[in-house]
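Once you have looked at the hints, place chain B on chain A.
There are 2 protein chains.
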Amino acid sequence: MASVTNNTENVNTTAWEGFKGETWRHEVNTRDFIQENYTEYRGNDQFLEPIAESTDKLWAKLQELFEVEHEQNGVYDMDSNIPSTVTSHGPGYLNKEEEKIVGLQTDVPLKQAFQPFGGIKMANNALQSNGYEVDEDMNKIFTDWSKTHNQGVFDAYTPEMRRARSNKIITGLPDAYGRGRIIGDYRRIALYGIDYLIEHKQDDLANTGNRTMTDDVIRLREEVTEQLRALNDLKTMAASYGFDISHPAETAQEAIQWLYFGYLGAIKSQNGAAMSFGRVSAFLDIYIQRDLDKGLISEAQAQELIDQLVLKLRMVKFARTPEYNELFSGFPIWATLSLAGMGIDGRSLVTKNDFRLLHTLTNMGPAPEPNMTVLYSSHLPEGFRTFAAKMAKESSSIQFENDDLLRENWGSDDVAIACCVSATVTGKDMQFFGARANLCKAVLYAINGGIDEKTKKQVGPKYRPITGDSIDYDDFIEKYKDMLAWLAELYVNTLNVIHYMHDKYSYEAAQLALMDTDLKRTFATGIAGISHAADSVMAIKYGNVQVIRDEDGLAVDYAPQNEFPTYGNDNKEADDMANWIVEYFITQIKRQHTYRDSAPTTSLLTITSNVVYGKATGNTPDGRRAGKPLAPGANPSYQDGKYLGEKNGLLASLNSTARLNYENAMDGISNTQTINPTGLGKDEDTRIGNLRNVLDGYFDKGAYHINVNVFSNDLLLDAQENPEKYPNLTIRVSGYAVKFRDLTREQQNDVISRTAHDRM
Amino acid sequence: MASVTNNTENVNTTAWEGFKGETWRHEVNTRDFIQENYTEYRGNDQFLEPIAESTDKLWAKLQELFEVEHEQNGVYDMDSNIPSTVTSHGPGYLNKEEEKIVGLQTDVPLKQAFQPFGGIKMANNALQSNGYEVDEDMNKIFTDWSKTHNQGVFDAYTPEMRRARSNKIITGLPDAYGRGRIIGDYRRIALYGIDYLIEHKQDDLANTGNRTMTDDVIRLREEVTEQLRALNDLKTMAASYGFDISHPAETAQEAIQWLYFGYLGAIKSQNGAAMSFGRVSAFLDIYIQRDLDKGLISEAQAQELIDQLVLKLRMVKFARTPEYNELFSGFPIWATLSLAGMGIDGRSLVTKNDFRLLHTLTNMGPAPEPNMTVLYSSHLPEGFRTFAAKMAKESSSIQFENDDLLRENWGSDDVAIACCVSATVTGKDMQFFGARANLCKAVLYAINGGIDEKTKKQVGPKYRPITGDSIDYDDFIEKYKDMLAWLAELYVNTLNVIHYMHDKYSYEAAQLALMDTDLKRTFATGIAGISHAADSVMAIKYGNVQVIRDEDGLAVDYAPQNEFPTYGNDNKEADDMANWIVEYFITQIKRQHTYRDSAPTTSLLTITSNVVYGKATGNTPDGRRAGKPLAPGANPSYQDGKYLGEKNGLLASLNSTARLNYENAMDGISNTQTINPTGLGKDEDTRIGNLRNVLDGYFDKGAYHINVNVFSNDLLLDAQENPEKYPNLTIRVSGYAVKFRDLTREQQNDVISRTAHDRM
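Top line first, the protein sequences correspond to chains A and B.
Taking full-length UniProt numbering, I'd label the letters of the first sequence as residues 1 to 760.
Taking full-length UniProt numbering, I'd label the letters of the second sequence as residues 1 to 760.
Excised from the complex, chain A in its bound form (with noise of 0.2 Å):
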């Protein structure tokens, strides 16, 4: 929405003192601040510093709590009776003293606060369930009087959206905690001011709607009001740590707060899916450099601020259940950070920031959070893209994104991405997250005519099941598509509850003030079990599958007869058939009525959740036995078998997953990758340089994404056994970073199992 207010600069001007530029002093628009006035930089990372005497102290004290919490599974302590708001909690400190950077979630480091207002029942689970008792008044006041957005969900749910969640075709579904994924742009506070943040929205609120009061602009208006109530409470919440935020930040320290204060309030308002954190390296780059240029700091202070803006991003925790750790162990917030990235006018993005932030993994050590994402490019300066490969190797903590894909498809060199693939354009979108529906389960569905093949309950469609002793290519294909459209419409239709309750019962007031008002919304579904199904389906064509049935006929394991080409060994059929499942899967997506008019799409990415789904999926055609986890993502399957694998090495496998179509899974396409050291070559110049070279051919052929890993898996095996020796061993899971000791064993075992590659 364009301001109708004709304001000039209303904002302290010594504030933007040296800054260049005119678009953005008259409108909310932080890109074109940033394109304006960042700095490129082509360097190596020579310039980096080492850790300033501060963060160590502060880092070293973290990593004592760390322990505690560890040995307390995960919860250092818990809030039991304050409702957690921007404002709920008076200052917390970890060592006051040495904190260039300070703000904490609750009062005390690593407590986790108490977020009701997504679910009281899930809230009240986390307590108990790490020992901790339930308040009584406060289940009470969110019982009876105050509704919360799970309870919404489960009173407008059907029978058959029951059904499904519960025989999980569809899963992991954001209607017992907060959907997330919406990021903030945090950078408005520090370069406008809370004041004229209010100013501009104020200006919204009154451009809402042209008079007539339909539902839905009474809904916007009721959502601009609450904005406005959170902007004052962010500048509430920074005062009382002394700060007074109503103006624009003045230094690069000021501007790293004013920052971090915006996400500060994100997460004490929300324990979202992923509570990410944005694209801020080249816009904190212009203050540290402004500041660098006036003498202000040094570059030893300046790397003093990004870690410490990084240890306060390492320490974000929210009260989760067992339930969730199952999913998604480790205890991930997805504070994903998105660096690099090509600009469109063809400069890089890069500046020394991308280098001072990927730096921390090597003056704090390697670390899950904050999510580093590289938008990687070959066009990426050579000193940058030697200096993320060099760091991915050495912490395997990094992912990459294809930024050429990303600005053609979200025209936007302003792209951020939340939680781990998906993207949006900073300030100018928002996702409404849904987890993902299982298509390999629905193979099986298809085939049993729509009872599942575990509960043997009927959950899908009573359509006629495949009876005879071997499925016919033709008459199974027509059944798929029969049931993925039915999954397709139930699956939407489940998610338009979710977010209808969530904006009703959890609206993210205090992220989606700092984003436009006038928002595109993205309406994103996702697929698990991609390559299984549609491996099954090459099996289903040229396997001649026989069909083993249990006492009541009902198919429950089926036996290829004969070879049939698979996913993930650069097999163009194979590969194209993984396309064909997903493009028809949200053609059916896409004829259906989203909440809000958002624009649907789709991602390819399980997460660790790959294998609780797997143990809820039977035997499937392609050879993978009942229980087994899926393959993660759109990962190619690495389970041992006669048919399945990655046969022909990392190069094969990533030709497969580069060859997925990105315009039908516009909500990513995840791939994880594991590489042996030896097998990137002798020496360390040798490995950066050919995993660089390995980064540019794979995104060059327009792959979406890589989590790199660079160990063997004797080292994994070791640290299964001795955890004691590796506290901080961080690996790529599908999706985010993790301490190797925080998955669970069945998780453990899973990443063991996968392909470690040895050749490329």
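There may be inaccurate statements among the hints.
The list cannot tell twin chains apart, which means a pair is met if one copy fits it or any two copies do.
Once the Cα atoms are required to be at most 16 Å apart in a straight line, the calculated EDC-like pairs of lysine to aspartate or glutamate come out as [what the hints assert, rightly or not]:
| no. | residue 1 | residue 2 |
| --- | --- | --- |
| 1 | Lys390 | Asp685 |
| 2 | Lys701 | Glu663 |
| 3 | Lys504 | Asp216 |
Just so you know, these hints were derived from the structure itself, not from any lab.
As the structure is a computational prediction, the values presented were derived from the model and not from experiment.
Relative to the frame of chain A, chain B by itself:
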């Protein structure tokens, strides 16, 4: 929504023993049950029994409590920290041994509940203004964590809406208190028991929406689930009094008790603008007659049950603010009880119970509540018409509505009146109550180009004002039409916001649970100041109105130079002017988008707010002085003055009111009249007969409503000076009956200033 379960009688058949008919057994249909089973009564009042000893004791005790309450300015006691819900309070009694019908709003008689869901500010204001302390915990809960209706509304209001509201061109909006006006079909509990109703609502839930989850389907599904929760809560509440209402009532006493529990659930969970009781007379008579026929009870016991039900309705109290009391003084709650009426089959619906219910005014004396409302027709049996006229004359506590118009326009003989004059088909319609727009003030806005004559603020659109010394009729009419069109649009959109938020934050689950899921909703706007608006336009047309201006040129007074016809004197042109204004306004209303596609209606009703509205309205072209009360409802002006007043007697006044077109004001047309007993004839019988004849003639002419008062102004003057002599003097004011001593002095003066007709 028709039932799709295929149940035959699944209820205790002894409860239905002796009842006739089939349809009502297979679907929730209380009207059909009544039609099949009621016994019309065409006799007189000779069968009636005096007050029972038990009731006498209860009434005596209640009188004592009323005195305490009166001494404490209408507040016996107040809760401050128990948000009132259906199940929030344990059982309470007045005198348990004597109570045949039990159930209190809180645990103590007359104690006012704490009802924050409509708005915490209003709930706190009610506490503070009555000398109670605000509970800080409750304030925090309902400010920080649980949003209220009031907050939601003001979050979405536009500045224009706030201006229109604070300048009182739109007035009395239910944006800080409950909208009320919804009448649950409380009979359903008695006839079916809660379990059967739950089963049917579950059936409705299963058939809500065609799987596509649009916002309206999601909303309705959540609402029905809330209704199911409320039905279970009603069972819990009844059980606390020792009754199991899961099954149908088996006796008259149970039927009355079950039905009252339904109403009790409503008033425990809502502090609405009018909490009407509905149409229960013939329904309960069926149960009473069955028990009488079986010899289970005597007529004296039947009267005892009815008296005690009515006694309970006299005890209903809500926490109120001074601002509310100023608008509607005397603490009305509009427990409107609709009596008599004709059936569409030609039989009257009069039963002995209509006599019993009116007879409570004798047994316990006149009282404001329940709001006794006779659905009148000259086709009703003469015995009842005579008795109703007699009771009206003796109590001045009865209102009459035209049942012929109701049946014709609402297509049902099961219409009940909500509040004063608002028709709803029982269990099938609900109303979105919308207070009123001041069309008399709109005359002044048309003249002054949208500038308010009292506040001098630009409130309406900046249309060209009338600038000359006199007012050209044609010029004025165009300007008035423009202003009415603006007002209608703004008014409807304001109400759209209110009802969206009421559904969101203060949904009436306990009432709507006892109504059809597939409801017809009316969107009830209202008009204040119709007679002054019509007379002002007549003055402009015929009176050569000279304009007197203030120093800024704003028109502030008007001097008609000639006589002009006025509304209320049986002048067709003046009366038609009133009709034209209403028709033009409702036409503009009907052009608008209305919330949930509800059907727009309007009313001519001000209740006692005519005094406050008049205060906010400047001098008007008809000669009315600034600040003087508007004539209430559709009443002709009764102001002294050269031009105004009913100059041609009662019948001429009634003829004018009868000329108003109900089709354009389907939310009702209110008329309040007082006649000096001597004007009705010399002796009692003549007076009763004449009053009955007046009613017959008035309604046969198509008039909609009348409040009947029979007394002289001397009585009121004496009561004003010596209130202790008249503790129970009850009169009909516009919209309700009230104890005269509970009116503000200003309102007493207004009542006294009205024409008490000495001649027909």
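Problem set entry | Alpha-carbon proximity between Lys504 and Asp216, which holds within one copy, between copies, both or neither at 16 Å | both (12 Å within a copy, 13 Å between copies)
Exercise. Between the shortest in-copy and the shortest cross-copy C-alpha distance, which are at most 16 Å for Lys701 and Glu663: within, between, both, or neither?
Worked result: For Lys701 and Glu663, the Cα distance is within 16 Å only inside one copy (14 Å; across copies 72 Å).
Intra- versus inter-subunit Cα pairing at 16 Å for Lys390 with Asp685 = Answer is within: at 9 Å inside a copy they meet the 16 Å cutoff, but 109 Å across does not.
Going down the numbered hints, you'll see the structure goes against none, and every one checks out.
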